[in-house]
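Residue numbers (my numbering), protein chains in the order written: chain B, 1 to 183; chain R, 184 to 685; chain Z, 686 to 1324; chain C, 1325 to 1843; chain G, 1844 to 1943.
Heads up, some of the hints might be wrong.
Stated by the list, open to error - Listed below are the simulated DMTMM-like cross-link pairs for lysine to aspartate or glutamate, each with C-alpha atoms no more than 25 Å apart in a straight line:
1. Z:K1132 - Z:E1145
2. C:K1348 - R:D648
3. Z:K993 - Z:E1247
4. Z:K709 - C:E1378
5. Z:K993 - Z:D849
6. C:K1694 - Z:E1247
7. R:K618 - Z:D1295
8. B:K111 - R:D383
9. C:K1348 - R:E619
To be verified - Which bits of chain B does chain G cover? Going by a derived footprint, with three or more residues having C-beta under 8 Å, they are:
10. 2-9
11. 26-32
12. 41-55
13. 94-106
What the hints assert, rightly or not - Only some residues are given here: those of chain C computed to face chain Z with a beta carbon under 7 Å:
14. A1350
15. G1379
16. M1529
17. P1554
18. A1727
19. I1749
20. N1797
21. I1798
Think of the hints as simulated: they come from the structure by calculation, not from any bench. We put the CB at the ideal spot given by N, CA and C, even for glycine.
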Amino acid sequence: MIEFSIFFFFAAIAVIFAATVVLHRNPVVGALSLVASFFALAVMYVLLEAPFLAVLQVIVYAGAIMVLFLFVIMLLNLQHQAEPRTRPVQQFLGYTTSAAFGLALVYYLAKFGVTQLPDGPFVSDARTIGIRMFEAYIFPFEMVSILLLAAIVGALLLSGRTGASGETTKSESPAPPQIEVAP
Amino acid sequence: MNLTPLLENGWMNAILPELILSIGGMVLILFDAFAPKLRGATASLAVIVFVAAGWGERMVIGGNWFGGTYQVSGITILFDYTFLLAAILASLFARAYLAREGFERGEFYAMLMWGTVGMMMMAKGLDLLIVILGLELLSICIFILVGFHRRIAVSNEASLKYFLMGAFATGFILYGTALFYGATGSTNFAAFSKYFATADASNPLLTIAFVLMMSGLGFKLAVAPFHGWAPDVYQGAPSPVAGWLSVAPKAATLIALIRIFSSMTPVIQQASWMKMVAALSILSMIIGNAVAIAQRDLKRMLAYSGIAHVGYMLIALLSLRDESVAAISIYVITYALMNIGAFGVVSMLAKNQNDPQTLDDIAGLGFRRPFYGLALTICMFSLSGLPPTAGFIAKFYIFKTAVDSGHMTVAIIGILTSIVSVYYYLRVVYFLYMKEGEAAQTEGHGHDAVHPSASAFRAPLLDADIFGTGALVISLAGIFAIGLFPTPLFNAAGAAARALLP
Amino acid sequence: MLNTLWLIPILPFAGFLLNGLFGKRLGKGFVTAVALLMSFGAAVAGTIAVVQYHAAYPTGARHVNLVYNWIASGSISADLAFQLDPLSVVMLMVVTWVGFLIHLYSVGYMAHEDGYWRYFAYLNFFLSEMLVLILGSSYLLMFVGWEGVGLCSYLLIGFYYQTDYAPAAGKKAFIVNRIGDFGFLIAMFLMFAYFGSVDFAKVSSIAAGGGVEQWLLTAICLLLFLGACGKSAQIPLYVWLPDAMAGPTPVSALIHAATMVTAGVYMVVRSNALYRLAPGAMMVVALVGALTALFAATIGIRQWDIKKVLAYSTVSQLGFMFIGVGVGAFTAGIFHLVTHAFFKACLFLGSGSVIHAMSGEQDMRKMGGLKSKIPITYWTFAIATYAIAGFPPFAGFFSKDEILASALNNPYFPKPFSWLIWSLGTIAAFCTAYYMYRLVYLTFFGKFRGTHDQEHHLHESPPSMTIPLIILAALSAVGGALLGWPHHHFLAHWLAPIFPEMHGVPEAQYEISPNAEYALMLVSSAIAVIGWWIARTRFRTRGLEADDQFAENMPAVARGMENKWYVDEAYGATIVRPLERFSRFLWRGIDALIDGTLALVGYIVAAIGDLLRFFQTGNVRNYALMFFLGVIVFIWVLA
Amino acid sequence: MTNILSITLWLPIAAAVILLFFPKTAATAIKGFGLLASLATFVASLGILCEFQEGVAGLQLTESLAWIPQWGIRYALGVDGISLWLILLTTLLTPVVFLSSWNTIHKHPKEYVIAFLIMEAAMIGVFVASDLLLFYVFFELTLLPMYLVIGVWGGANRIYAAIKFFLFTIAGSLLMLLGIIYLAFAHFHDTGVLTFTITELYGTMLTPHAQVLLFFAFALAFAIKVPLFPLHTWLPDAHVEAPTGGSILLAGVMLKMGTYGFLRFVLPFFPDATAKYAGLLIALAVIGIVYGALVAWVQPDMKKLVAYSSVSHLGFCVLGIFALNQTSIEGSILQMVNHGLSTGALFLCVGVIYERRHTRLLADYGGLAKTMPVFATFFIIAMLSSVGLPGLNGFIGEFLILAGSFQTWPRWTIVAATGVILAAIYLLWLIQRVFFGPITNDENKTVSEIAWNEITALVPLVVLMVWIGVRPNIFLRKMTPSVQQLLQIVHKTDTSKALVAQTRLPNPTPLAPAVGGVR
Amino acid sequence: MIPTHWFLILSAILFTIGVCGVLTRKNGITIFMCIELMVNAVNLTFVAYARQFHQIHGLLFVFFVMAIAAAEAAVGLAIFISLFHHRHTIDVDEANLMRW
């Protein structure tokens, strides 16, 4: 029973804070709510017998990614920017369609989702995961490194100021007429 | 602790091209960082890496690798060549572009390489995990490449749009994958095949999963109605990138789709999921071609035409046969040649990125810049599917497949929309040759005959960067080679396709 | 010669080529020599051929000279072959010799014209085509000549191309003729379809063999007659001939009086086997002929242009010929054709001589009293007038009388119809006498009404012009008696072989009781005399006053006659202009509608494009919504 | 020389490739080379004529190489009586084009010559291809150079005309492409052999429904090309705006690709549907004859007049084709050649005065016979050929068509024959307006006489007009066996046999089947 | 044991909320956060199914998804920074230089 109460409690937290992200107009509040929601999800992972993932969730998501978000928000000084409400059609369609989508999804999941649970414990500790990761998933794992490398390089490249390293001063004057229309 | 990684013998040979490209990208970045003086050589270096990767394709060993999650076969090699071709063309065109914009950086080519690796993973992955990883790797590289021209707002805006839509679509793909996982207990295509052989076609959850995944991949393909980003992104992206972007990711997504679809037979037909594909195809052909008429910006026009072209490719996908796979591979290769070629010309004709590349800007260029004019003309004719260009062969193959498998309605819509498409492709030719440009009028064009020396000194082939011209020559040669002698390619594609499908 | 019949048309054709290609450079002497030589050569060659023919075929059988197979395709086969038979012989003689005379005349008449070489080239060309027409052994070859003479007529009418009216008249002639040719063509198609051939002999033997449906014969005959109407200027297609007077006068004499316009008559006689089997068609021919004869004659009464009068008289006389062939008196038709060739050529050439003397003036109101100034012209003209008016024993008397007699006594039609035809013809004959003498009196008698300059220049024509006049006048005087003295009818005897015997069909040369014939001769003579007398009393002394008086007494009739009964205007209002308006409607209406419809499709596509384009708002959230809506719709539809 | 067809086909293309390397400014060299190349092609095509064996029905001088073996597509060439004269017409008219435009093309002469050489090759290809897809490739390939020719060297409204031309044609031909594929697969499912070779596709069994659909897919493409009545509106625009050379080839050869397509594909592929819908096509053709003639009559622009006259004349060709008998089809083929000669000459003539006066409005002319007598002679001869004067070529064609079609469709033929009258009306009007009457416009007083190159271009056309008119059998003889064979294929099925056997004439007399066809 | 489909429903709700946020918010970073929410919802599904099947594959998938999300976050935020440099706002509605 306790399990169920925990589930419902944290499910409620997850949903409420998720809703706050969507509804609250201050991005800082949104980011913090998202962190809360992610915490609740971490609890869900524990309930689902995946403690390692729960830890990862807290560290990677709540800890790293969301901090990055907050950092950017602060950096750009966005915390005071409340967005005005415009585009009523977009808003209306957004709410209604997503509601319809959600209802349909919930309906079908409830109707056709699996109910029978297998017996026995679900071994999903860090060790098991690690072994699998470095045995069977070695190739995707290595590829993730490229992915992250690309992301880092890209982030540097994109967020760097113009005229920073790599760009010659030539670039300040637009368009050297190297290729021009012939007379 | 005794880790035994799942690495079969010769695994390095299996992924040799990927390895070359991954390492090549890193080398280029390092080269860029440590030898900034030699930046002019990065393009050459990049092309060498790509060629090396292509050479590496020759040594790959076919078969399933990494525990049956990675397939190397004829079709993947064919597609790898396509990706490499696209990348080489893009690199060649990019050199002059980057030099002009003052952006000659190794990262650009590194991103092209890693993006190519991502596409190769999409093409070869036998597990949705690999496919999605490849897709993400590709996406990240595209985000960066599209926004590469940071100084100007449109490039950044394009990057933003692509990023938001891409991430959004990724969410859908992932959710679809999750639902399939829930149904099959695996994300492996082999497991899919086993499951779908007996699956209940009427399960709506499966349908939802399919729709979600298809829409996410549809985003990558830029099919209507998931095409919203495409025109803006193509317009805003650096022209060489746009050309590459309009071809390579689509090719990768298509091969992934073929794998997914073939793993889902026979449910995919029973559950009439193909109706969705047909609808996407029809919508794309109509919207792409109709809206392209209204465009005056060349890159936007090509973007819409790209939407339409994916519609044509999806026609072939409607029937899952080796013929259709071969048709798609031919189309993709052809499309790479002609579309990147077209974007390349646009890129080479631009004065700078801020200029909108409208039709008026190319008015009268055909006679002033004969080679570019001819190249663009041939690309346009090929895009509109007129013989004796490759575009004709490709389109013919598509329609042949459609007729053969009884998809007459879609084929007829395809033909009718092709007629529409001819109009806007021809309009480009019209502007090239039949309209006097403003520049020409002010410069007193038409005095060529009076002052022969002015043009006589200018050998038409040498008045621009040798890289871009070389790329155009490759494009044109390819277009005509496929258009006139498609047999070797057919042999290759046919054999590859037969190997792919059971 | 008999096996080289093709030489006869080729000679003048060579003249055409020589003059056409080199005439301009080589000068008048060369042109004259070539033209005369070639036409004379044709005449001589023709005569030799005729003599040889008569020797070889005393019975009047058909001689065919096959040149080569011209068209062979499927069921269609047509030879390029020339033939001689009694009918061709008659035509050949008339055409070549009259043609030669007119060539001769033209040398004098055209001496000072600009396009001398062009003129003779055309004239030679005409001669050659006319010879093809009459020597051709099949309808198809006849058609070749038929169209060829039409072309020459077009070119020669439009000879003075720098004027407005001449080319227009030429065009009109060609187009109206084409309407007739249309009938001719369809008739040939019918022959090909049902007889399998258009060879004269084959067609006529098939028809004569019996068993051919009546409707088919009637259709063929009527369609051929449509062709004849065009070429021979019968109602309703006669309108081109008066306008054709825009050409040089010798052309009018040769083409529009003596030879080409009689081609229709020749054709009907040629097809006599068909016509005799289709009495309905003959009825139409006779009626149209009679109506034309009368109708044209009434217009001739009140024209002042000397050539116009003669033109209407030609139309009228052609009407007589069609009465003749229409009532089955084919011989009479040909007889009148020949005599008409003599006297009408003489009249036209005479009028040419008058015009020549008057320095190009054609209006009779400016003439008068020319008798003494140009006596040879006057006398030849007078003889020809006697002939056309039907005074015995001049040529026209015999032929016209024979036609009218046959009209009344023909074995084909019911009596009332025969009477109708006869009375129409007789009234026309009266009118003929009247207007011809009006012409003579206005032109040659009374006071000179022209300008002083013209009077000063009045002169007789050179011998090259008067010699043909004299020869033709002589033929007009005695030709009729020589060729067709009643009951000692040379022509009838000569032509007899061309009329095949057919079961159940009246003889082609049916007998008329001598009593009836002599009575009718009397009537004809009386009619001619009365016509002459009335004209004399009115115009001999009073001249133009008589015309004015006529206009005062009967203003409506006079105005109608003057304006040719407004036929051209009526055609314009009922056919030409509505057709033109209709064409404009097709162009501006239907074409625009088609284009508009297609443009509309284009616009719709473009509009769809433009409309869809506005879904592309540039706002990434809209794209996301679009994406999501797509997902929802697909889920909704598929799940 | 067994590969004479290939030589003829590739000569112009080779010349075009060589021309690419000519300097832009060497205009005379470029034109001279183009002329030489086209003359060489003509000589090569005379070789075809020499090698051609009379009395053989099927394709001759065949060449066949695998092109795309996977799809059974072959590089297969061949010539028979139907295509022989059209090939020669093409190779004849191209040098004529170069000659006529010798002095008139100042803008981009190199591109001009290249475009025409490629066009020539493509048109030859259309007529010699004996593989359906190869045919289609050439069929489409003709469009590109023509599009450029109209669009670049055309008149004021050239863009509209060029795009209209292109879209009309491509709309039809793309649907035909679908039809081609369908046909090939029908044959494939029938026999298990995927092939596009025309002769093998003859006799493909099709369901009646499919046959009708395919018939219309093909017929639409060709009807647009011909052009048949409601689809003709591209033609006047294209002709008017095209430069003289473009008009000559467009009218002279390109329109025949449509009629040729009917003969080569529509009739033998879909005999049942042909029999069923021949009436429809004939009705459209006849409407086109009358319509084109009437509209031509009221045109103020002489090029448009000639263009509409093409609509009328091509209507005759289609009438002849769908009358489905030996005579009419032979006449139709001959008429294609005739029209190429006469209308080609007319367009050339119109071009001649346009170059001198830069107006095509009839109202601006008058009395030119005075200043340009030689030219007037040529123009009048061309006009007479077009009018169908016996002794010239036009008559033979029209006569055979009408005489033939009269046996199967007498009523429509009678209506069509009025076209003969109407042709005289509008063409004589044209002549009169341009050449006769007083010179009203002072500019016409100083117009220079026709030049050597134009005379050289016109003389062969005139000679041929006369030759065909006088000795048509030389030309007809070569096509007879092929047409017979074609008709055998068409009449193989019961329905169409019944249709042709019972002529539409009421009450055929016992004499009806009398066939005087003794050769 | 809590039934799997409860988790699935929770994840569906979260996913929907994420979608809703993407569609209705204008602040780019908020939109991106909503996308992260969607991805997390997917993760929950994976984990739920992984337990359902007693399969570790689902968990590993989540691991990779997290890596992807991290990479995306890095690049995405860089793009936003760049956007802000250009326009001094991260309101995505403002980014409409290119349209139609």
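Right, here's what the structure says about each hint:
Between K1132 of chain Z and E1145 of chain Z the alpha-carbon distance is near 18 Å, which keeps this suggested pair within the 25 Å criterion. Proximity of K1348 of chain C to D648 of chain R is assessed by CA-CA distance (about 22 Å); at most 25 Å being required, the pair is judged to hold. A distance of roughly 11 Å separates the Cα atoms of K993 of chain Z and E1247 of chain Z; the hinted pair therefore holds under the 25 Å criterion. Among the hinted pairs, K709 of chain Z with E1378 of chain C is inconsistent with the structure: their alpha-carbon atoms are about 44 Å apart, more than 25 Å.
Straight-line distance between C-alpha atoms of K993 of chain Z and D849 of chain Z comes to about 18 Å, which keeps the hinted pair within the 25 Å bound. For a cut-off of 25 Å, the pair hint linking K1694 of chain C to E1247 of chain Z is broken: about 35 Å separates their Cα positions. Restraint check for K618 of chain R and D1295 of chain Z: the C-alpha separation of about 23 Å stays at or below 25 Å, so the hint holds. Taking the CA atoms of K111 of chain B and D383 of chain R, the gap is about 15 Å. The hint holds against a cut of 25 Å.
This hinted pair checks out: K1348 of chain C and E619 of chain R have alpha carbons roughly 19 Å apart, not beyond 25 Å. Only residues whose beta carbon comes within less than 8 Å of a beta carbon in chain G count, and the segment 2-9 of chain B has 3; three or more means the coverage holds. Remark: the segment 26-32 of chain B is confirmed as covered by chain G, as 3 of its residues place a Cβ nearer than 8 Å to a Cβ of that chain, reaching the required three. Residues of the segment 41-55 of chain B with a Cβ under 8 Å from some Cβ of chain G number 9, which satisfies the need for three, so the listed coverage holds.
Check result for the segment 94-106 of chain B against chain G: holds, 9 residues qualifying (beta carbon to beta carbon below 8 Å, three or more required). Interface hint status for A1350 of chain C: violated, as the beta-carbon distance to the closest one in chain Z is roughly 38 Å, over 7 Å. At about 14 Å, the closest approach between the beta carbon of G1379 of chain C and any beta carbon in chain Z exceeds 7 Å, and the interface hint on this residue is violated. Given hint, M1529 of chain C at the interface with chain Z, is violated; its Cβ is 29 Å from that chain's nearest Cβ, farther than 7 Å.
Interface hint status for P1554 of chain C: upheld, as the beta-carbon distance to the closest one in chain Z is roughly 6 Å, under 7 Å. The closest approach between the C-beta of A1727 of chain C and any C-beta of chain Z is roughly 5 Å, which is under the 7 Å cut-off, so the hint is satisfied. With a cut of 7 Å, the hint placing I1749 of chain C at the interface with chain Z holds, because the nearest CB-to-CB distance is about 5 Å. Proximity of N1797 of chain C to chain Z holds as hinted, the smallest CB-CB distance being about 6 Å (cut-off 7 Å).
At a threshold of 7 Å, the smallest CB-CB gap from I1798 of chain C to chain Z is about 11 Å, leaving the interface hint violated.
When each numbered hint is compared with the structure, violations occur for hints 4, 6, 14, 15, 16, 21.
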